[in-house]
Amino acid sequence: MPSFIHTTRATTRRRLRLSLASKQAAFGIAIILPTLAILAVFRFLPMVEAFYFSLTQYDLVHPPKFIGLANFASLLQDPLFLKSVRVSLTYVLFSVVPVLPLSLGLAVLFNRSLWIKNLLRSAIFMPVVMPAVVMAVVWTFMYQQDGVINTILDWFDIGPVPWLRSSATSLWAVILIGIWRATPYYMVIFLAGLQAIPKDYYDAAEIDGAGTWASFRHITLPLLKPTTLLVVVMNVIVAMKVFAVPLIMTGGGPADSTRVLPLFIYQTAFEFFDMGRAAAMSVFLFVGVMLFSFIQVRMFTRGDEQQ
Amino acid sequence: MTGTVTPAGTTAAVTGPTKRKTAPPGLLRRLTRRPASIAAFCVLLGVACVTLLPFYWMLSSSLRTMENMFSLPIQWIPEPLNWRSYVLAWQAQDFTRYFLNSGFVAIAITLSNLLLCSLAGYSLTKFRYGGRGVMFILILSTMMLPLEVTMVPLFLIIKQLDWANSYQGLIMPFLVDGFGVFLMRQYMLSIPKDLIDSARIDGASELRIFWMIVLPLCKPALVALAVFTFREAWDMYIWPLIIITKDSLRTLPLGISLFMSSYGTSWDQLMAIAVLGTLPMILLFFFLQRAFIQGIAATGLKE
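Keeping their order, the protein sequence lines are chains A and B.
Read left to right, the first sequence gives residues 1 to 307 (this note's numbering).
Read left to right, the second sequence gives residues 1001 to 1303 (this note's numbering).
Just so you know, not all the hints are guaranteed correct.
Stated by the list, open to error - The following label-pair restraints were derived from C-beta to C-beta distances:
1) S1190/B - H218/A: 29 to 37 Å
2) K83/A - K1246/B: 48 to 56 Å
3) A1036/B - H218/A: 51 to 59 Å
4) P222/A - K1219/B: 30 to 38 Å
5) K1193/B - D200/A: 30 to 38 Å
6) R86/A - F1286/B: 38 to 46 Å
7) K1219/B - F216/A: 31 to 39 Å
8) A196/A - L1081/B: 43 to 51 Å
Because the hints were derived from the structure by calculation, they are not lab data.
Where a beta carbon is used, it is the ideal one built from N, C-alpha and C, also for glycine.
Isolated chain A, as found in the complex (with noise of 0.2 Å):
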């Protein structure tokens, strides 16, 4: 932390000059400059180098070639790259959306005194805890031929189910997946959210007559849409940036089924060494995510311009 260091002692030089206020002016700065030193190095200059990668032809052995927008041109005429984009959309969409009533439908079924209900919220959270990379070797475990899915499947005389081997069900096993670990996460969320809705609404609804399904709709519902965009949003997010399940678990295959796009770039980029063409397609990612990183920062920082 040099900059930390140079920054006190330039200040300790410039003491008598300055004013109390700015002193503690001074102190406040130095010591939110490491957090900005460190996020402009590794965060803001890679951002503004990737756009300018995305820009040249880069083998990593010969100096980047400028060659303007050729990569991008390339990109959306190479079906690989659409179908991965393809892929990344639908593993958003349908991750994403049955996550949505499953958290919440659980925080609602939570928000209330249950017999062990400090037991069964742990259990439910547990797929939390477990690592990305330990969840992809187990999963892989289960969805086997022979797996333990397969065989609880057939007591219901459902099955086999290919699951990973088949381009028609492999995106949906990790689908699957995503949901299994998502759902606990927001329902976290939404169970914070229900438990700052105050008791008297439901009360007062109830004087009036409302039934469970009416006060549902008309005080949950519409209290908890700050709570439900952000949900939507974080889990979006979270979506578009999958790579470890998929790449462990089939590498993106078969048939690229389940090439999602960062599982892409990071092939583009590591394994065919092309770097300007990686970089355009993350300037595609980018893109993704800043649309809805956008939104989410929006509402982190509305309470601000209230105060």
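Starting from the known structure of chain A, arrange chain B on it as the hints suggest.
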């Protein structure tokens, strides 16, 4: 059901608009609510079975012999128990080393986030200087720049610094996180400024005020941030995969995925490693359950 609930509703009317949170529910209400509660309980129990099945299957399969791995009917309780899978898997690769690497990296990242995020949060809430609002927006906007987007240039930067295959390379890019700063800032907004001002009048230095007064007050937020950061760091996969090729620097997720590709069908050993890789997180969860859940709930914070 609405009709039968109304009498209990009248009790609410008597208690009036004052907070009725702790008032015991009437007997009638308890009786009418019971069927709904039993239904809710059954649904949640069913969901718990689904969330726990992979954990149970991982644990039981790690103790099952390979001959019984796919036997029918399902052997829910392994017989005979196969403890050797743990020893064999642990010795097949340098898992001790991977474990220590992961632990070291995750702890270093967590500690540095605790310090830097709270310093930045403190600066953003309790000091007045030009550009403060812009700095906050800049820090927050790094949430738009995930590693998946910046991995190519970040890799080139790390390579230029000669940090590929090094602990610095694993740790430095994650010393501080925009969301962590946001979390600490929101929490520190509630610390009264008078407290800090009176400490200044007593002659305490700025650093001392931060260390002795502000940080202890932030304990709940710090615990939540620590748990949240540690989980993410322990889970980190894509970044080590890109910059680490030396075996002695592999982290546990890298070790596990490598093990999977070289011992793909030794399911007993794979599950044993999976159990061991999850164990630290499970222990952390059981000891810090409240902080864990609060840490997650805080990601939805939007005051």
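Verification of the hints:
no., hint, result
1, S1190/B - H218/A: 29 to 37 Å, "32 Å, holds"
2, K83/A - K1246/B: 48 to 56 Å, "35 Å, violated"
3, A1036/B - H218/A: 51 to 59 Å, "19 Å, violated"
4, P222/A - K1219/B: 30 to 38 Å, "35 Å, holds"
5, K1193/B - D200/A: 30 to 38 Å, "32 Å, holds"
6, R86/A - F1286/B: 38 to 46 Å, "42 Å, holds"
7, K1219/B - F216/A: 31 to 39 Å, "36 Å, holds"
8, A196/A - L1081/B: 43 to 51 Å, "48 Å, holds"
Checked against the numbered hints given earlier, this structure breaks hints 2, 3; the rest are met.
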